[in-house]
Amino acid sequence: MAFGTAGADSVAQPNYPRNAWWVAALAAEIARAPYGCWLLDRPILLYRTESGAVTALDNRCPHRWAPLSQGKLVDDTIECRYHGFRFGPDGRGVSIPSQTHVPGACSVHCYPVQEKNGFVWIWMGDHDRMADAPAPPEMPWLDDADWTTIHGHSDINCNYMLLQENVLDLTHFGFLHAASLGVTDWVAPPIVEVKDSTVEFTQTFESRALHEGFAATFGLPTGLNTRYVSQGRYLPPSVHEATETVTLPEPVAGRQTFHMKILHVTSPMSMGKFRYYWFYGWDAKVPEPVLDGWRKMAPVFWAEDQDMIEAIDDIVRNDSRATDCIEVSVKADTAAIQARRVLRAMLASN
Amino acid sequence: MAFGTAGADSVAQPNYPRNAWWVAALAAEIARAPYGCWLLDRPILLYRTESGAVTALDNRCPHRWAPLSQGKLVDDTIECRYHGFRFGPDGRGVSIPSQTHVPGACSVHCYPVQEKNGFVWIWMGDHDRMADAPAPPEMPWLDDADWTTIHGHSDINCNYMLLQENVLDLTHFGFLHAASLGVTDWVAPPIVEVKDSTVEFTQTFESRALHEGFAATFGLPTGLNTRYVSQGRYLPPSVHEATETVTLPEPVAGRQTFHMKILHVTSPMSMGKFRYYWFYGWDAKVPEPVLDGWRKMAPVFWAEDQDMIEAIDDIVRNDSRATDCIEVSVKADTAAIQARRVLRAMLASN
Amino acid sequence: MAFGTAGADSVAQPNYPRNAWWVAALAAEIARAPYGCWLLDRPILLYRTESGAVTALDNRCPHRWAPLSQGKLVDDTIECRYHGFRFGPDGRGVSIPSQTHVPGACSVHCYPVQEKNGFVWIWMGDHDRMADAPAPPEMPWLDDADWTTIHGHSDINCNYMLLQENVLDLTHFGFLHAASLGVTDWVAPPIVEVKDSTVEFTQTFESRALHEGFAATFGLPTGLNTRYVSQGRYLPPSVHEATETVTLPEPVAGRQTFHMKILHVTSPMSMGKFRYYWFYGWDAKVPEPVLDGWRKMAPVFWAEDQDMIEAIDDIVRNDSRATDCIEVSVKADTAAIQARRVLRAMLASN
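Respectively, the protein sequence lines represent chains A, B and C. Going by numbering that gives the first Met the number 0, the first residue of the first sequence is number 0, and it counts up by one from there. Going by numbering that gives the first Met the number 0, the first residue of the second sequence is number 0, and it counts up by one from there. Going by numbering that gives the first Met the number 0, the first residue of the third sequence is number 0, and it counts up by one from there.
A portion of the hints provided could be inaccurate.
One copy or two, either will do: identical chains are not told apart, so a pair holds if it fits within one copy or between any two.
[What the hints assert, rightly or not] The calculated lysine to any residue pairs, modelled on SDA-like cross-linking and capped at a C-alpha distance of 20 Å, are: (1) Lys194 x Ser348; (2) Lys330 x Val101; (3) Lys272 x Asp313; (4) Lys260 x Trp140; (5) Lys71 x Asp304.
Hints were generated in silico from the structure; no laboratory data involved.
Just chain A, with the same shape it has in the complex:
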């Protein structure tokens, strides 16, 4: 099912560009134990060598196609659980228990990876396209000791672009999250700009009562009237980073401006399933009880999005019209429409 990119005639075509950096895992998830996952319809194995470097291989032994992630690490090699073939971190076969000769063909594909801002990024496209491709986005706040962050992830049974389009049109706050979020003033279409392939929207509230949760997070009194600017940036194909900026009418305890970041990362296992990583961050030390509140609230909130986008996917899969059905876009969809455009361009040149 192709969503968001080229309409009905692309239903059978994957809508994830291979020539791009994708998040394969959180850096903290990868250690001295084989970690298997699915990405872009391929099985991937991740582990760290003794030096701490992350390696990413096809999670499919070239001998009899066993998942290497069921095996074990022996020094820097992965030993297949089925017949004990060992492969180095570059994917080359290094030993076969039943013979001394290791055929040259006995190797698995090794994918380029890099660690950045707490993520393991993987390149699953053509090698000669990698140098010219945009690097994984810069998100220094994820590593910044002056920021407090929380995060989580879940597996969602629908196309990843349904989540990306969800967060590119926040006018759904007042409806889908009416009960959980209590926001009702998010109704105007934002200002949208496309810079290179980044789609950015800005929503400005010149005068807005400080949200209770925000006040508690930053240790501010409630009821303050603020200037509130919400910016969202789609960094295709998989990242959306939002920045909420709250400016007080005058400084409180010497500080007038406060930030919250919200990060959405979508890693497609297949066309119909993706892993969703989310991060919240604040440029302050946030007290643990307040963080706990955020930790409890977030899954409630995300479940509303998940239920909705899975329901949409279900409709498209079961309706005999599939994607061959009218789809009306309005001004509030400008960012999502631009996101489809940049994604379509990536797919076309893929």
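Position chains B and C relative to chain A; hints supplied.
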């Protein structure tokens, strides 16, 4: 899987004619709350306006394809849960929270409906075919205060025609329902007549001991010898109405003839699943304890049919021969064969 | 999914030859009750007539395709549960409750069967190919009162050749079964011979400490140094018989040579599922407590194989490369490669 209509080469083709009235729901199920269901491979939304009229719309918001049935009614409009778009009972978009202009294309298909005998009937075919199509069948006993009725419904995982053919050949009573029904004399092929597109069969027992359940229902003594006539009518594509007529050798308490009606309605969600509505009715006041007995017996009885027709569907789906397999029909299948013919004619002109 | 036979372009083609004898059931499973199963993508019914002979019919009534196995035996006939049609053990329709005439077409396919060594073997291919086909293999030890056997079966969700290839390369012992079996010396590729269509391998250990389990089974002291010969024979398409021969340096209680047999039978229900029958046998009276130990150990052991081959099937089904992926074979795969060859030859002439 195409059953009952045109054999193996129609496997990939739906066997439900669109240009016909179908039961979308019981009238009592539709109130001032959105009701979502699937019919003929389409998602449908039903609700009542403040005037009490039923409206049927595509259950798929034209904006981002959310199921409208997750939304809520605001006066006579349905408000989408995702971004708050509202649609009138005619399917026209009436408001979009993020802008004042509502594009003309922003509407959902509105399906003609009518309420009749406690059912909501829907027309999902071509508008210009509606006037010439047969009206939903007349079943006044369903509304008649002199009749007592009970009913139920369940979702069955097979093609709807397997149920229709089941009730067109009651020689299965003595085998499939041998334990539950205790009937063993239902062995002769009935007389079959086709009137226009209605298939009717008549089974006459000139002398039959009154069934205990019947006796209790009508307050008659057991052991009476009766004339028993069973008539079944297939009103294509979805309705089967049976009439059992019991005539006593002489009047008891001034009455000699008694009727039971059995109604089977099949509403396909898809080729492999349908909702089955059943009604029992008697032209008498039936004491509550006796009705309770019928209510308990019916699910036992229907489960035998359901298990069998689901098992047949399972065989056809998994056998490599699929529907390309010999199928022998006998005299007792005459009504079912005629039903296939009238259905095939409807499909051909569809 | 076609495994083991002809690579990627045979994915859509069944890899089980029809013109061969297959195991339909254990002889002990078939009695005076209808037994339904799936074999080679067809529904099969088995039962014994009053004379004790096994009959195998299509488990699909030619009337309305009901599974005959839900019916009951009446003398030597099977009576369909749906409408009571009866069929003799040759598949011929013998009575129809609703009429006296039984049309000639009213019959189900009757498959040739034979009982041999405790199995019911079935022929699902062309009749005129049966005479020239190899008979079911001779495995007299299964009936030999001087042998002790145990057995079991389970349904495995992958292609049957993944199991056959598993047991044709025992170098997996030291890895997949390292914990359960404790064998680490099974590393050299065996000697492989192909005789007609039988693939045979021989692994010889000139000096090997007697396995504790073996010692207990035959009532031998532990710690003995033995000559150990392991032979495996693939008898295509469905049988693998292994013979382990232990020779002591000198006789103990008058006996120097001991045998264990291991039998693997794979009966495909479909391309993605098969029933796996296993037998262990020893040419000795084995004490009940020792047998109990084997009975407990076997499922642990087989579960390791099942998990692995199901994981491989899962990878091939979900990886976008499917079977179009490099597959490296080594010397230890010689027997499996030969097995593919003989199977491919059977399929080509099918």
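Now the hints, each set against the structure:
1. Taking identical chains as interchangeable, the C-alpha atoms of Lys194 and Ser348 lie at most 20 Å apart only when both belong to the same chain, with a minimum of 18 Å there against 55 Å between chains.
2. In the homo-oligomer, the alpha carbons of Lys330 and Val101 lie at most 20 Å apart only across protomers (11 Å), although the nearest pairing inside one protomer, at 61 Å, exceeds that limit.
3. Within a single copy, Lys272 and Asp313 get their C-alpha atoms as close as 12 Å, and across copies as close as 16 Å, so both meet the 20 Å cut-off.
4. Taking the closest pair of Cα atoms, Lys260 and Trp140 come within 20 Å of each other only inside a single copy of the chain (8 Å); across copies the shortest separation is 65 Å, beyond that limit.
5. Taking CA atoms no more than 20 Å apart as the test, Lys71 paired with Asp304 passes between copies only; the shortest distance there is 17 Å, against 38 Å inside one copy.
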